[in-house]
Amino acid sequence: MKTYYNPEDLKKFGNIGEFGQELADKFFSYYNEVFKAGALTEREKSLIALAVAHAVQCPYCIDAYTSDTLEKGCAEDELMEAVHVASAIRGGASLVHGVQMMNKTKELLM
Amino acid sequence: MANPVKSLKAQKHELGETEFQLKVLNDTEKLGFEMPKFKSKLQAIDLYPLKPTGLEILQINVGKMCNQVCAHCHVDAGPDRKEIMTKETMELCLDALKNHTFHTVDLTGGAPEMNPNFRWFVEQIRAIDSEIKIIVRCNLTIILANPRFHDLPDFFKTHKVEVVSSLPAYTEARTDAQRGNGVFRDSIKALQMLNAVGYGQVGSGLELNLVYNPSGAFLPSGQAGLELNFKRKLKADFGIEFNQLFAITNIPISRYLDYLIVSDNYGAYMEKLLNAYNPGAAEHVMCRNTLSIGWDGFVFDCDFNQMLDLKVACGAKHLRDFDREELENRSIIVNQHCFGCTAGAGSSCGGEVAQATA
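Each protein sequence line maps, in turn, to chains Z and D.
Numbering (the working numbering) for the first sequence: 2 to 111.
Numbering (the working numbering) for the second sequence: 64 to 421.
Derived from the structure by calculation, the hints contain no laboratory data.
Everything numeric in this text was worked out from a predicted model, so none of it was measured.
The beta-carbon is built from N, C-alpha and C at its ideal position, and this holds for glycine as well.
One or more of the hints may lead you astray.
As the list claims (entries may be wrong) - 20 Å max Cα-Cα, derived EDC-like pairs, lysine to aspartate or glutamate:
1) D:K296 x Z:E79
2) Z:K12 x D:D214
3) D:K161 x D:D192
4) D:K294 x Z:E77
5) D:K374 x D:E389
6) D:K161 x D:D386
7) D:K252 x D:D239
8) D:K223 x D:E304
9) D:K93 x Z:E9
10) D:K298 x Z:E79
11) D:K100 x D:E119
12) D:K296 x Z:D78
13) D:K294 x Z:D78
14) Z:K12 x D:E388
15) D:K100 x D:E389
16) D:K335 x Z:E82
17) Z:K12 x D:E119
18) D:K335 x Z:E9
19) D:K296 x Z:E45
20) D:K298 x D:E346
21) D:K298 x Z:D78
22) D:K296 x Z:E82
23) Z:K13 x D:E97
24) D:K296 x Z:E43
25) D:K196 x D:D217
26) D:K296 x Z:E77
27) D:K104 x D:E346
28) D:K294 x Z:E79
29) D:K335 x Z:D10
30) D:K294 x Z:E45
31) Z:K13 x D:E334
32) D:K374 x D:E97
33) D:K294 x Z:E9
34) D:K380 x D:E97
35) D:K252 x D:E194
What the hints assert, rightly or not - Restraint-style ranges between C-beta atoms, simulated for each label pair:
36) D:D327 x Z:Y31: 31 to 37 Å
37) D:T164 x Z:E79: 42 to 48 Å
38) Z:E43 x D:K93: 29 to 35 Å
39) Z:D10 x D:T164: 52 to 58 Å
40) D:K296 x Z:P60: 51 to 57 Å
Chain D with its partners taken away, still in its complex shape:
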């Protein structure tokens, strides 16, 4: 499938509308089979309504602008997206971090580094807590996209930022098919630059983790096996080292949903997710210990609910009204896309969450 050149929103595509995506996900006729509601799966294991286990990770989307237009992007990010988090909203995030006990801040986008206040934001977070884990979801190519980004590896190192980067394959064709022409070569160069300053090297304390998500209508299997193979191939072919590989399932929303429908894989993919449903993974879904913050300061249960504009089901819908107790006691919103996080060994921003069932 050719890479899109514009976001769905810029194309005025109907799947650019969140209401339409939800309608598709709940349309049995489109599926071609009777798919149970995700909610009923949780009810069967006494997990509904789904409740948080705590507030540990604050995932912040600092903007939808990106230098890439990946075919599977659930954010529908791209160069044409102008939504960007302001400094004022970043201040609200900093307040939440000062006053509460998140152990991790997970910065995502788009390409988060394209936010003009990105570096200031990282510095402020580090100033609040020298031990808090700061993760940046770096798409790698941004490091080479413009000379002003070439020093990002040093910046990340200075502020002890953990780098988490997508690389769907160790081959050029597969990577470029998902993420755009030339992405593989630039990603390899960027990984080498990160390695050169110490990232991914034993004993450096500088974590470099890769994210694998299938480049097509299939599920990931066996994170450990995939990691072994990625390590072997990247080391042999390019001398690249990294710490961990996170295997992530593609969630059927936004551009990935569009791909599934256009390629006539939608029904079969949803059936695959349903057949691979794992109650063990349902117990450990990331929305139970994570809060997701949108570029405009609204609060969501997870990154996917954010992209479907499903704001948290409690009064604290915006950072301005942050209320820890209310958020810890809210009911997490679930819908049919949640089958993506509970298939097989389960999926989260940190990869597998459980043992796969046989």
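Same shape as in the complex, but just chain Z:
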């Protein structure tokens, strides 16, 4: 293995059941249900998936959901706004812990 990530591996995702079919089937069944239109449209769900893909920094998911959002008719600015939402939450998640730091600092200082 020369690299950790290979774009060709995305196509093999469906074969993940090779080492454990039952759980893979359950996962894909759940996965497919999640992305069906419900209270949210398929388009909205795809944009959420794109944002989450950036938050968890999964290159396979970024590849798949960039295509998927485009296929669902999303515009470039919508894709980028989704990425900024992920970025804001990631940044905010770090920053909000600053309150703990401040609390602890205040405990320790005279």
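Given the coordinates of chain Z, work out where chain D should sit on it, guided by the hints.
For chain D alone, coordinates are given in the frame of chain Z:
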């Protein structure tokens, strides 16, 4: 990708030759993977040879001349294309319409309105049958291209012509990238002009339908969802209303094939089409109830076979020899580009043709 300024033919590009396109489509090495023959997919569902279900729609290409040079155009149309249907060939089309039972005439090009006999032709078709559906594939910008076209919305209204227009996106950048600089703004103005005479308005009976095709190397998904979004955005941003949105898959021929190859997306796109193959869509492909007529009167199974110069596989290869029975019993010619019409929910000039498979 920058828009081309000339057709492939004018550039003397090798993809301007239909034989070369077919060679590329059947070249496994170029694909980088083993792609099954489309024919074998039909054989697997007992649909080969593919037979017509009837002759219902006559699609007529009245010429390849166009005021636009779109990056994805499967006709390779443009201002430099001089092929134009003559009045004599139009007369042959009228004979076919008089003597047979087509319920729809679908006029396409190029920009069909640039044919000098276009209006005469529409009037003659309407005179044959006041109820026949006449569709014009209007690129919208032609309405603003020259003062002599400004009254087209009124002309369409007078003759109850259904207007079907391409608009690949509700954003300027995406539309212009596919169809040329300034196309989005002119398209919006033209849509507003069509709305002003009643097109797309509830109860007017004047149908205005938009065609969405992806502006890149990806497939369309979910016609209904796309329509909802286009309606919401066009209404909010420009006050535009329309009836339906047809989601169409780009077929890998001509300028779109060139784009796929140049952008290094060809193999991946064909693999996408193959993986999305839907037998349900194969049963409902448009070539089963449509005949496509070239600018010179030759007869084809569909618009794409026309652009690949694959004339019908029977004696009635030209309108002069029109023979309904022979045409209804012919075998439809298929090749690798047909995967474009059977991917996902399927694609036709009227948009989706089936339910997408999971």
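Here's how the hints hold up against the structure:
| no. | hint | result |
| --- | --- | --- |
| 1 | D:K296 x Z:E79 | 13 Å, holds |
| 2 | Z:K12 x D:D214 | 52 Å, violated |
| 3 | D:K161 x D:D192 | 9 Å, holds |
| 4 | D:K294 x Z:E77 | 18 Å, holds |
| 5 | D:K374 x D:E389 | 14 Å, holds |
| 6 | D:K161 x D:D386 | 13 Å, holds |
| 7 | D:K252 x D:D239 | 15 Å, holds |
| 8 | D:K223 x D:E304 | 18 Å, holds |
| 9 | D:K93 x Z:E9 | 18 Å, holds |
| 10 | D:K298 x Z:E79 | 18 Å, holds |
| 11 | D:K100 x D:E119 | 28 Å, violated |
| 12 | D:K296 x Z:D78 | 14 Å, holds |
| 13 | D:K294 x Z:D78 | 18 Å, holds |
| 14 | Z:K12 x D:E388 | 47 Å, violated |
| 15 | D:K100 x D:E389 | 26 Å, violated |
| 16 | D:K335 x Z:E82 | 27 Å, violated |
| 17 | Z:K12 x D:E119 | 41 Å, violated |
| 18 | D:K335 x Z:E9 | 13 Å, holds |
| 19 | D:K296 x Z:E45 | 15 Å, holds |
| 20 | D:K298 x D:E346 | 36 Å, violated |
| 21 | D:K298 x Z:D78 | 19 Å, holds |
| 22 | D:K296 x Z:E82 | 17 Å, holds |
| 23 | Z:K13 x D:E97 | 17 Å, holds |
| 24 | D:K296 x Z:E43 | 17 Å, holds |
| 25 | D:K196 x D:D217 | 17 Å, holds |
| 26 | D:K296 x Z:E77 | 15 Å, holds |
| 27 | D:K104 x D:E346 | 11 Å, holds |
| 28 | D:K294 x Z:E79 | 17 Å, holds |
| 29 | D:K335 x Z:D10 | 15 Å, holds |
| 30 | D:K294 x Z:E45 | 16 Å, holds |
| 31 | Z:K13 x D:E334 | 14 Å, holds |
| 32 | D:K374 x D:E97 | 28 Å, violated |
| 33 | D:K294 x Z:E9 | 37 Å, violated |
| 34 | D:K380 x D:E97 | 33 Å, violated |
| 35 | D:K252 x D:E194 | 29 Å, violated |
| 36 | D:D327 x Z:Y31: 31 to 37 Å | 35 Å, holds |
| 37 | D:T164 x Z:E79: 42 to 48 Å | 46 Å, holds |
| 38 | Z:E43 x D:K93: 29 to 35 Å | 34 Å, holds |
| 39 | Z:D10 x D:T164: 52 to 58 Å | 54 Å, holds |
| 40 | D:K296 x Z:P60: 51 to 57 Å | 31 Å, violated |
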